[in-house]
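Undergrad: Protein chains in written order, with my numbering: chain A, 1 to 132; chain B, 1 to 444; chain C, 1 to 485.
In case anyone wonders, no lab produced these hints; they're calculated from the structure. Each residue gets a CB set at the ideal place from its N, CA and C atoms; glycine is no exception. Each hint should be verified, as a subset may be incorrect.
[Unchecked claim] DSS-like, lysine-lysine: derived pairs with alpha carbons at most 25 angstroms apart:
1) A/K17 - B/K66
2) C/K393 - A/K69
3) A/K2 - C/K394
[Stated by the list, open to error] Examples of chain C residues lying across from chain B (beta carbon under 7 angstroms, computed):
4) L30
5) V60
6) Y63
7) G72
8) G76
9) A102
10) S113
11) Q114
12) L119
13) Y121
14) T328
15) G410
16) P413
17) K468
18) P481
19) C482
Each chain, letter by letter, is given below.
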Amino acid sequence: MKEINDLKLPEDVKYSKDHEWARSEGDTVTIGINDYAQDQLGEIVFVELPAVGDAFSVEEEFGSVESVKAVSEMYMPISGEIVAVNENLEDAPELVNEDCYQGGWIIKVKPSDPGELDALMDKAAYLEMLKG
Amino acid sequence: MRYLPHTQEDIREMLAVAGSPSLDGLFDTIPDSVKTKHGLNLPEPLTEWELNDHMEKLASENIACKGYTCLIGAGSYDHYIPAIIPYLVSRSEFATAYTPYQPEVSQGTLQGIYEFQTMVTDLLGMDIATASHYDCGTALAECALIALRKNRKANKIAVSDLVHPSHRQVIETYLKPTGYEMVLIPHTARGLTDTAALEAMADIAGVAVQSPNFFGHIEDLAAFRKIADSKKILFITSFTEALAWGVLKNPGSFGADLVAGEGQSLGIAKTFGGPGLGLLAGTSKLMRDLPGRLVGRTKDTNGQDGYVLTLSTREQHIRREKASSNICSNNGLNAMTAAMYLSTVGKIGIREIAQLNHDKAVYLRSALTAAGFTPVFDSPFFNEFVMKVPEGFKKKRADLIHRHCLFAGLDLTPFYPELTDHYLFCATEKISRQQMDQLAKEVA
Amino acid sequence: MTRQPGTKGLIFNEPNVWDKSREGRCAISLPRADVDRAPLDPSLTGEAPNLPQLSELDVVRHYTRLSQWNFGVDSGMYPLGSCTMKYNPKTNEVQAARQGFAGAHPLAGDEFSQGALRLMYDLEKYLAEITGFAGVTLQPAAGAHGELAGMLIIHAYHAKQGKQRSKIIIPDTAHGTNPASATLCGYQSINLKSGPKGILEPEAVAAVMDEDTAGIMITNPNTLGLFEEHIREICDIVHAKGGLVYGDGANMNAIMGVVKPGKVGIDVLHLNLHKTFSTPHGGGGPGAGPVAVTEELIPFLPVPRVEKELDSFRFVSDCPESIGRLHTFYGHFGVMVKAYAYILSMGAQGLLDVSRLAVLNANYIKESLKGTLNLPYDRPCMHECVFNDAHQKKHHITTMDMAKRLLDYGFHPPTVYFPLVVEGAFMVEPTETESKEDIDQFIDAVKAIAKEAQTDPEKLTSAPVLPKVTRLDEVAAARKPCLRG
Numbered sequence: 001m002k003e004i005n006d007l008k009l010p011e012d013v014k015y016s017k018d019h020e021w022a023r024s025e026g027d028t029v030t031i032g033i034n035d036y037a038q039d040q041l042g043e044i045v046f047v048e049l050p051a052v053g054d055a056f057s058v059e060e061e062f063g064s065v066e067s068v069k070a071v072s073e074m075y076m077p078i079s080g081e082i083v084a085v086n087e088n089l090e091d092a093p094e095l096v097n098e099d100c101y102q103g104g105w106i107i108k109v110k111p112s113d114p115g116e117l118d119a120l121m122d123k124a125a126y127l128e129m130l131k132g
Numbered sequence: 001m002r003y004l005p006h007t008q009e010d011i012r013e014m015l016a017v018a019g020s021p022s023l024d025g026l027f028d029t030i031p032d033s034v035k036t037k038h039g040l041n042l043p044e045p046l047t048e049w050e051l052n053d054h055m056e057k058l059a060s061e062n063i064a065c066k067g068y069t070c071l072i073g074a075g076s077y078d079h080y081i082p083a084i085i086p087y088l089v090s091r092s093e094f095a096t097a098y099t100p101y102q103p104e105v106s107q108g109t110l111q112g113i114y115e116f117q118t119m120v121t122d123l124l125g126m127d128i129a130t131a132s133h134y135d136c137g138t139a140l141a142e143c144a145l146i147a148l149r150k151n152r153k154a155n156k157i158a159v160s161d162l163v164h165p166s167h168r169q170v171i172e173t174y175l176k177p178t179g180y181e182m183v184l185i186p187h188t189a190r191g192l193t194d195t196a197a198l199e200a201m202a203d204i205a206g207v208a209v210q211s212p213n214f215f216g217h218i219e220d221l222a223a224f225r226k227i228a229d230s231k232k233i234l235f236i237t238s239f240t241e242a243l244a245w246g247v248l249k250n251p252g253s254f255g256a257d258l259v260a261g262e263g264q265s266l267g268i269a270k271t272f273g274g275p276g277l278g279l280l281a282g283t284s285k286l287m288r289d290l291p292g293r294l295v296g297r298t299k300d301t302n303g304q305d306g307y308v309l310t311l312s313t314r315e316q317h318i319r320r321e322k323a324s325s326n327i328c329s330n331n332g333l334n335a336m337t338a339a340m341y342l343s344t345v346g347k348i349g350i351r352e353i354a355q356l357n358h359d360k361a362v363y364l365r366s367a368l369t370a371a372g373f374t375p376v377f378d379s380p381f382f383n384e385f386v387m388k389v390p391e392g393f394k395k396k397r398a399d400l401i402h403r404h405c406l407f408a409g410l411d412l413t414p415f416y417p418e419l420t421d422h423y424l425f426c427a428t429e430k431i432s433r434q435q436m437d438q439l440a441k442e443v444a
Numbered sequence: 001m002t003r004q005p006g007t008k009g010l011i012f013n014e015p016n017v018w019d020k021s022r023e024g025r026c027a028i029s030l031p032r033a034d035v036d037r038a039p040l041d042p043s044l045t046g047e048a049p050n051l052p053q054l055s056e057l058d059v060v061r062h063y064t065r066l067s068q069w070n071f072g073v074d075s076g077m078y079p080l081g082s083c084t085m086k087y088n089p090k091t092n093e094v095q096a097a098r099q100g101f102a103g104a105h106p107l108a109g110d111e112f113s114q115g116a117l118r119l120m121y122d123l124e125k126y127l128a129e130i131t132g133f134a135g136v137t138l139q140p141a142a143g144a145h146g147e148l149a150g151m152l153i154i155h156a157y158h159a160k161q162g163k164q165r166s167k168i169i170i171p172d173t174a175h176g177t178n179p180a181s182a183t184l185c186g187y188q189s190i191n192l193k194s195g196p197k198g199i200l201e202p203e204a205v206a207a208v209m210d211e212d213t214a215g216i217m218i219t220n221p222n223t224l225g226l227f228e229e230h231i232r233e234i235c236d237i238v239h240a241k242g243g244l245v246y247g248d249g250a251n252m253n254a255i256m257g258v259v260k261p262g263k264v265g266i267d268v269l270h271l272n273l274h275k276t277f278s279t280p281h282g283g284g285g286p287g288a289g290p291v292a293v294t295e296e297l298i299p300f301l302p303v304p305r306v307e308k309e310l311d312s313f314r315f316v317s318d319c320p321e322s323i324g325r326l327h328t329f330y331g332h333f334g335v336m337v338k339a340y341a342y343i344l345s346m347g348a349q350g351l352l353d354v355s356r357l358a359v360l361n362a363n364y365i366k367e368s369l370k371g372t373l374n375l376p377y378d379r380p381c382m383h384e385c386v387f388n389d390a391h392q393k394k395h396h397i398t399t400m401d402m403a404k405r406l407l408d409y410g411f412h413p414p415t416v417y418f419p420l421v422v423e424g425a426f427m428v429e430p431t432e433t434e435s436k437e438d439i440d441q442f443i444d445a446v447k448a449i450a451k452e453a454q455t456d457p458e459k460l461t462s463a464p465v466l467p468k469v470t471r472l473d474e475v476a477a478a479r480k481p482c483l484r485g
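Build out the structure end to end from the sequences listed, making use of the hints.
TA: See the structure below:
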C-alpha cells in the first residue's frame, strides 16, 4: 500500500472525509473515489452504480465498489441528482484503480446546493485528516 | 478411545509446554461458577460392534430396512442409484474436505462443482446455477426474498397452492419477521394453478409456481411468464422431481427469472427427507442477488486453467449484515453426487429414464382406473397423479404395507383437507409392470 | 527437522467432463421398458439436456482424478480455525448407509419410521444434556440455518411479549454469519468491540443494551479461541433489560463436559454437527445445525417436533407458537445418524476427553509457536489460537504467503484473515484427533517457513509449487465471471 506522501491528490478537486473526490465542471459535478480509497481497496472487480435520475442527499450512500474480498460503500460528497454514470466501469472496473480522477470517474451530479462543494476539503486539509 | 491419539506421556510433555499442571488446569480461565459440577449423563460408550448391533436394531424399526416398494413421491423419489455413485462420492478427498477456501488444494471439489453448475444450467435452461442450497423449500424461500427485495413497491409474493405444502410453510417461516406476505393462488378443477386468479392480484413482487406441481401436473409456464411481464414482476418456478427435465421443456425456455428445485432424484438416497439437494438457478441479470457460493473458472500464475470460489462479496463473511443470504455451508457433497449422477446417466440415459417414469405412471393410472379408482384431474402429468380411491382402500393399503411392504400412494387429506379419499401416486423406473398389475388386482 | 509430509507425486490432468463425451455412450444400465411408450404431447417436451455421454469407467476415472487434487482430513492435518476439522469416523458412514435409514421415505408415516424417530428423539436428549438446555430441534440444515432458527425464536419471543425490538448486539469476535442471520429477522446489528483481553466487558454490554434491543449473539469460546469469562454477568445484564442471549455454539468442541451453556444464562444455542460431532464437511456441506433452547422457549421451536408416547414416537405439528417449518422434511437426518453414532461411541468421558485434548493441542501449538509468530492475545486459549504476520511483515511476507507455503509442506493452512479483529489473522485449530507427532511436524513446518521468510522470501511469495495449480487469479475470476462451461 502507498505511503501518504506517494498518494496522487490533484489540486483541482475537493475531497470528502469518506475519500470521495468532486470536481465542478460547469453545471455538473463529477465524482469518484480518490487514490487513497482505491489503493486501500486493492484491485477493484465491480462498481455498483446508481441509476441516472436518482437523487441523493449529502453523505447518503449512492453505490459501492468491490474488490475480491471487500465491499466499500460510496457516499455523496454533495447533494444532487445523478445525470450520468460511467458505463465503462461495467466492463472495466480496473479504470478506478488505474485512473481514478479521469477515466475512472463514477458519477456526474447536478448539485442541488452548490454551496456544499465549499464545505469539502482541499488537498492540504484532506492530507491533514489522513495524517490524523 | 480409538479416535484420540494421546498417550499419557504425550499429555505430560504437552502440558509442560502449555504451562498447565493438569488437563483440568487448561480450563482455569473459566470461572468455577460457570463450570458444570456434574459432568455429562450419557449412555456408556459402545464398542464398534455393539454400535453396529444397536444401529441395525434401530434401522430395522424403519420399514425401509426390508426393501419396500414406494409409490409415494411428494418431494422424495425412489429412483435407482447406480453403484458407482456412492462408491465415488465416498472418496474421502471429497467427503472430508472443508469448503474450498484454499483453491490450490481443492481443485477436485471446485472443478466438480463447476461442472455441477454447468450441468444444472443445461438441465434447467438457465444462465447461472449456484453451488447448491439446503433443499428446494429453503431455495424457494430465498428466491421469494430476492423478488421481494428487488421490488420496492410491493410486499407480497404470490405462491401457487400447488407448490409443495412444506415449501409454502418454509416460505411463511422466512417471511414472518420481515413484514412481507405470501398470498396463495388457488388451483382449478383441472389440477393447475389458476392464472385468472393471479391476474386479478395486485401489489405483488413476484409469482412462484411449481411444475410439475404437487399433483404431478405440468403447468403452462408460458402463461405465467406473460402475466409476470404484464405486472413487471419476477417469475419463479420450482420443482421437486428433477428428472422431469429429461423430457419436459425446461423452465429457462419459458423465461423463468429464478428456479428453485429439489435435486434428490439425481442419485441421492431418500434418507428420511434429508440431506437432499437444493438447486437454485437464475438469469445473468440476477447474478449478484443470488445466495450462496459460486465457482468460477480462472487461470493460475502459470496460465493453467483452474477454479475458485468467486463473487464472494455477495456473501455473509464479507458483506455481513448486507449479505444476499446468511447461507455458509450448503449441500456440496450432494451437489457432487448429482454431478456424478448426471455424468453417469448422460444425455441418452436421462431421456430414457424420464420417459420411463412417465410411461410407468401412465400405466399405473390406467391400471388403477380399471380397478375402480377415479382419475381426478385431466391435465398432463409427469410421474405423479391424484386418484380418488374406492371405499375400503384405506384398509387394503394398510394390508399391502404389512403383507408386501408396498406403499400405495399418499393420503392427501392432511395437505388439502377438502380432498378426502384422494391419494397422490408416484411411479418411477423402479416399479415393474408385474408389481403394478398385482397392486391393481389387490385393490380392485 | 522431521520429514515433512508434502512431496511431489504423479497426478493426472483431467478435462471437463463434457470434453470426454462421445455421442452414443451411456454409463447406466437402462431399465427394461415393460410397459407401452406413452408419449407426452410434443408441446410439452424439449430437447434432452446436453449431458456428457460417457462409459462407466470414464466416469469413475474422471472423479477419481478430481478427488486426487483435493486435500481432506484423511489426507493430512487440516488446522482450519473455527471449522473443527477433526477425524470423521468411518463407522458413522456405515451406520448412515443402512438401508433402514438411507432408504427411508420421509412420508412413509410415523408407524413405519419408528427407528428414525427414536434416533431423533434420543439425539435431541443427548444434545440437551451436553448443552444443558431443556429442548432441542434437529431441523436446521446447517450452522447458519440454526442461527436463523435461533433468531426467529428470539423474534417470536419478543412478539409474544407484545413489543418487537429493533436491534441486536453482535461482538466483533462473532462469526460472519451472525449479522446476516440477524438481518433476515429485521434486526439491526449493533457492533460491539471486545476488550483489551480479547473478551467482552460487561460494562460495554451494559452501555449498549436497552429495551429496544432484542438481545446479544455471543460466540463462546469466541473466535479468538478465548472463553468469555464474564458470560454469566453479561447474560444478567441482557436479561435485566428483557433481552435474550443467543449462543453461537460452533465452538462447543472446546467445552463439552466442562461448561453447559444452558446453565449459565444463555437462552438459545446452535451446534454444528459437522464440527463438534464429527460428521464430515463434504467440501462445503451438508452439515446440520441443531438448536437448543431453555424451557421457556420450547413452544417456539420449529415443527414438526418429535414426541414420545409410552414407547412409541410421533411427529407433532400442532404447536401454535412455533416459528413454523424450516426445512421441507425434518432436516438432515443422514447427518443426525452420524452424530448420534459418534456420541454413542464416545460416551460422557470420551466427550470430556475430546474437549480437554482439543484445548491441550491448541495451547501446545500456541506456546510452541508464539516466538515464531506474533500472538496478539497472549492468554490461555481454548480449542484454537490466533496469530498474525506482524513479525513477517518486515520481510514483506504476509499471512497468505505463509499459508500457501504450508501447502508445499503438506499441511492444509489455518484459517486466514479471520477473525477480523486481528489484522492478518492466522487462526489454528488442531482438534483433538491430531497426534503429538503430527502437531510437532506442523510446528516444525511453520518454524521452517518463518525462517524462509527471512532467508528466502521468494519461496513463500511464489508458493505453492507442489499442488495441481499455483495461485489462482481471483481478480480475473470476479471481473469476468465464468460460472459455467
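Undergrad: Taking the hints in turn, state whether each one holds.
TA: How the hints compare with the structure:
{"no.": "1", "hint": "A/K17 - B/K66", "verdict": "violated (71 angstroms)"}
{"no.": "2", "hint": "C/K393 - A/K69", "verdict": "holds (20 angstroms)"}
{"no.": "3", "hint": "A/K2 - C/K394", "verdict": "holds (15 angstroms)"}
{"no.": "4", "hint": "L30", "verdict": "holds (5 angstroms)"}
{"no.": "5", "hint": "V60", "verdict": "holds (6 angstroms)"}
{"no.": "6", "hint": "Y63", "verdict": "holds (5 angstroms)"}
{"no.": "7", "hint": "G72", "verdict": "holds (4 angstroms)"}
{"no.": "8", "hint": "G76", "verdict": "violated (10 angstroms)"}
{"no.": "9", "hint": "A102", "verdict": "holds (4 angstroms)"}
{"no.": "10", "hint": "S113", "verdict": "holds (6 angstroms)"}
{"no.": "11", "hint": "Q114", "verdict": "holds (4 angstroms)"}
{"no.": "12", "hint": "L119", "verdict": "holds (6 angstroms)"}
{"no.": "13", "hint": "Y121", "verdict": "violated (11 angstroms)"}
{"no.": "14", "hint": "T328", "verdict": "holds (4 angstroms)"}
{"no.": "15", "hint": "G410", "verdict": "violated (10 angstroms)"}
{"no.": "16", "hint": "P413", "verdict": "holds (6 angstroms)"}
{"no.": "17", "hint": "K468", "verdict": "holds (5 angstroms)"}
{"no.": "18", "hint": "P481", "verdict": "holds (5 angstroms)"}
{"no.": "19", "hint": "C482", "verdict": "holds (4 angstroms)"}
Hint violations for this structure: numbers 1, 8, 13, 15, all remaining hints satisfied.
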